[in-house]
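Undergrad: Work out the full structure: start from the sequences and follow the hints.
As you go down the protein sequences, you meet chains A and B in turn. This note's numbering puts the first residue of the first sequence at 1, with every later residue one more than the last. This note's numbering puts the first residue of the second sequence at 1, with every later residue one more than the last.
These are calculated hints, taken from the structure and not from any lab test. Possibly wrong hints are sitting among the right ones.
As the list claims (entries may be wrong) - Beta-carbon label-pair distances, calculated as ranges: (1) B:Q114 with A:K17: 38 to 44 Å; (2) B:S33 with A:L143: 38 to 44 Å; (3) A:P197 with B:E64: 45 to 51 Å; (4) B:G9 with A:G9: 43 to 49 Å; (5) B:Q114 with A:M1: 36 to 42 Å; (6) A:G147 with B:K60: 26 to 32 Å; (7) B:R59 with A:I141: 24 to 30 Å; (8) B:G112 with A:K164: 48 to 54 Å.
Where a beta carbon is used, it is the ideal one built from N, C-alpha and C, also for glycine.
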Amino acid sequence: MYIVVVGGGKVGYYLTKSLLAEGNEVVLTEKEKNRAAELAEELGESVAIRGDGCEASFLAQVGTERADAFVAVTGDDEDNLVSCQMAKVKFAVPRTIARVNNPKNQAIFGRLGIDVTVSATNMLLALIEQEIPRHAMVNLISLKQAGMEIVEVEIPNPSPVAGKRLRDIGLDRDMHISVVLRGDETVTPSADTELLPGDKVYALIREAKENEFRALLVGDAVPAFSR
Amino acid sequence: MKLVILGCGRVGSTLATMMDSNGHDVTVVDRNSEAFRRLGEGFKGKTLIGEGVDEDVLRKAGIEHADAFCATTEGDNRNIMASQVVQTMFSVPKVITRIYDPLREQSYRELGLQTVCPTVMGANAIREMLES
Chain A
1 MYIVVVGGGK VGYYLTKSLL AEGNEVVLTE KEKNRAAELA EELGESVAIR
51 GDGCEASFLA QVGTERADAF VAVTGDDEDN LVSCQMAKVK FAVPRTIARV
101 NNPKNQAIFG RLGIDVTVSA TNMLLALIEQ EIPRHAMVNL ISLKQAGMEI
151 VEVEIPNPSP VAGKRLRDIG LDRDMHISVV LRGDETVTPS ADTELLPGDK
201 VYALIREAKE NEFRALLVGD AVPAFSR
Chain B
1 MKLVILGCGR VGSTLATMMD SNGHDVTVVD RNSEAFRRLG EGFKGKTLIG
51 EGVDEDVLRK AGIEHADAFC ATTEGDNRNI MASQVVQTMF SVPKVITRIY
101 DPLREQSYRE LGLQTVCPTV MGANAIREML ES
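TA: Encoded structure:
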């Protein structure tokens, strides 16, 4: 894949290194002169390029029109928004991903056409919530344009679905269980798969069905499970 | 009309003063309280300290009942983002965005923002003077 990363801070730097290590073609753009020089010295001048990732002419220079993905991870939400919108509108990049610093912007970015948003704040919140039994369901990622989300649910004990087969628990077409983790084992679910307390269920569901899905798997009782 | 202006720099404060003395209901938002000194003594409108891309700040400024919004901060991208937030989340009838960078201005005009580019306007004015 060819990936353009905008913003040579820590996030952009480590992301670029990881993407390169996986064999991708990556360009990392950085606006600030000294930082850009530092990055070029380490990553090479063909990878780290100095320029403003919000400027269409610069984005054209780095070949944005052939990018498979475009990732904006600067520390400024407004810059990440404009970069991704340029990539989307001017260069028709199929997948634009923006880092969001103010968690409130996550919803707004989705409405403004950004495919995927990542908020460290929201992720940390989610991780904290994971430790609190009251929130038995954790939203892992939002696919805003599709109106879907990927969630993790740990089946509590007791649970209304424990010992039941998936075909019998009342899932609808907006709730797709993709994988079940049982201890170290990965279970690819079929209609006959039985859920057990302690199972971790990963599912793609419609956002509007979030509460319904949680109630199906967890019930209304406060689940007391330990990790 | 009820007008919210984001950014109390030279343009924002001049516009705020003009609209205020023309009898409009003006609220100016800036993240730096010092900036409001530009408004002068006679300004009767409201001032609010805060980040204009934050929807809570915009709400506090009365954006839900505003007839118009102008983004005149120093930052093109901040103006663009604030204007898009106001346009999509609050459906304010008139939203005007100042963008210095002519290329970016063109892009966002095509995307449906009502834009003003002082760079192009200034250059044009000078060119006309030169050629007349």
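Undergrad: Work down the list of hints and note, for each, if the structure agrees.
TA: The hints, checked one at a time:
no. : hint                           : result
1   : B:Q114 with A:K17: 38 to 44 Å  : holds (42 Å)
2   : B:S33 with A:L143: 38 to 44 Å  : holds (41 Å)
3   : A:P197 with B:E64: 45 to 51 Å  : holds (47 Å)
4   : B:G9 with A:G9: 43 to 49 Å     : violated (27 Å)
5   : B:Q114 with A:M1: 36 to 42 Å   : holds (37 Å)
6   : A:G147 with B:K60: 26 to 32 Å  : holds (30 Å)
7   : B:R59 with A:I141: 24 to 30 Å  : holds (28 Å)
8   : B:G112 with A:K164: 48 to 54 Å : holds (50 Å)
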